[in-house]
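Student: The sequence shown begins at 3 in this note's numbering and counts up one residue at a time.
Derived from the structure by calculation, the hints contain no laboratory data. No experiment lies behind these values; they were computed from the predicted model shown. Just so it is clear, CB atoms sit at the ideal spot from N, CA and C, and this is done for glycine as well. It is possible that part of the hints are untrue.
[As the list claims (entries may be wrong)] Here are the computed distance ranges between Cβ atoms for each label pair:
hint, residue 1, residue 2, range
1, GLU80, HIS201, 35 to 43 angstroms
2, VAL161, ASP211, 15 to 23 angstroms
3, MET83, LYS125, 19 to 27 angstroms
4, THR97, GLN157, 18 to 26 angstroms
5, GLU154, ASN61, 39 to 47 angstroms
6, LYS146, CYS36, 34 to 42 angstroms
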Amino acid sequence: MLRFTDIAASKSLVKITQTRPSLKNCTNYNSHFCLLLKGFFLTVSLESILKVAKHASENNKIFCLNLSAPFICEFFKEALMKVMPYVDILFGNETVSMFIPKETEDIEEIAKKAQSLPKENKKRQRIVVFTQGKEGTVMTKGDKVETFPVLEIDQSEIVDTNGAGDAFVGGFLSQLVQDKTFEQCIRAGHYAANVIIRHAGCTFPEKPDFQ
Numbered sequence: 003m004l005r006f007t008d009i010a011a012s013k014s015l016v017k018i019t020q021t022r023p024s025l026k027n028c029t030n031y032n033s034h035f036c037l038l039l040k041g042f043f044l045t046v047s048l049e050s051i052l053k054v055a056k057h058a059s060e061n062n063k064i065f066c067l068n069l070s071a072p073f074i075c076e077f078f079k080e081a082l083m084k085v086m087p088y089v090d091i092l093f094g095n096e097t098v099s100m101f102i103p104k105e106t107e108d109i110e111e112i113a114k115k116a117q118s119l120p121k122e123n124k125k126r127q128r129i130v131v132f133t134q135g136k137e138g139t140v141m142t143k144g145d146k147v148e149t150f151p152v153l154e155i156d157q158s159e160i161v162d163t164n165g166a167g168d169a170f171v172g173g174f175l176s177q178l179v180q181d182k183t184f185e186q187c188i189r190a191g192h193y194a195a196n197v198i199i200r201h202a203g204c205t206f207p208e209k210p211d212f213q
């Protein structure tokens, strides 16, 4: 099975809003209390991201950002830092944490620094979640930093790790929108990532067995 990725797909956001007036003032997100954007959009439409981010902040909705890839932090740091004040939940991994000044290589300390960056909506404390592959997932919440072990898997069962990060975020948010605990959110994220890496591409069984 071959999988092809168009890294310019996010440019369609700009093209759509320019060519389809009906979407220019799209308010579909008004009814959603949890909004997720991927860092790739920072490369093409900071204005669009800020519009959604400010809407979330002003209406006390949860705004999540998935950092997506190391080059986002390296080459689009200025745009990223303009969005960060609106971020309630930040997702990333050990390779995308470089936008934080590194007085330390400790992933927990880096997560705490990301958490302490200026924030607009004071009603919500920022939560930072950094995955580390086979190592534990770090989560900062309030003044607490916790590391959660991932599910064990034999190396021979790993088929394709592409999409593992996105699967984790999807699993995490599937529980968040049901008002589950953050520990349950992490568990679901680990489960989803563990399933995805056993298959080629972003494929998964028809029925999940997550409990």
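Student: Run every hint past the structure and note whether it holds.
Tutor: The hints, checked one at a time:
Evaluation of the 35 to 43 angstroms hint for GLU80 and HIS201 yields a pass: the beta carbon distance comes to about 37 angstroms. Look at VAL161 against ASP211: about 18 angstroms separates their beta carbons, and that is inside 15 to 23 angstroms. Between MET83 and LYS125 the C-beta distance comes to about 22 angstroms, which sits within the given range of 19 to 27 angstroms. Remark: the range hint 18 to 26 angstroms for THR97 to GLN157 is upheld by a beta-carbon distance near 20 angstroms.
In this structure the supplied range 39 to 47 angstroms holds for GLU154 paired with ASN61, their Cβ-Cβ distance being about 41 angstroms. Taking 34 to 42 angstroms as the suggested C-beta distance range, the pair LYS146 and CYS36 does not conform, at roughly 22 angstroms.
Violated hint for the displayed structure: number 6, the only one.
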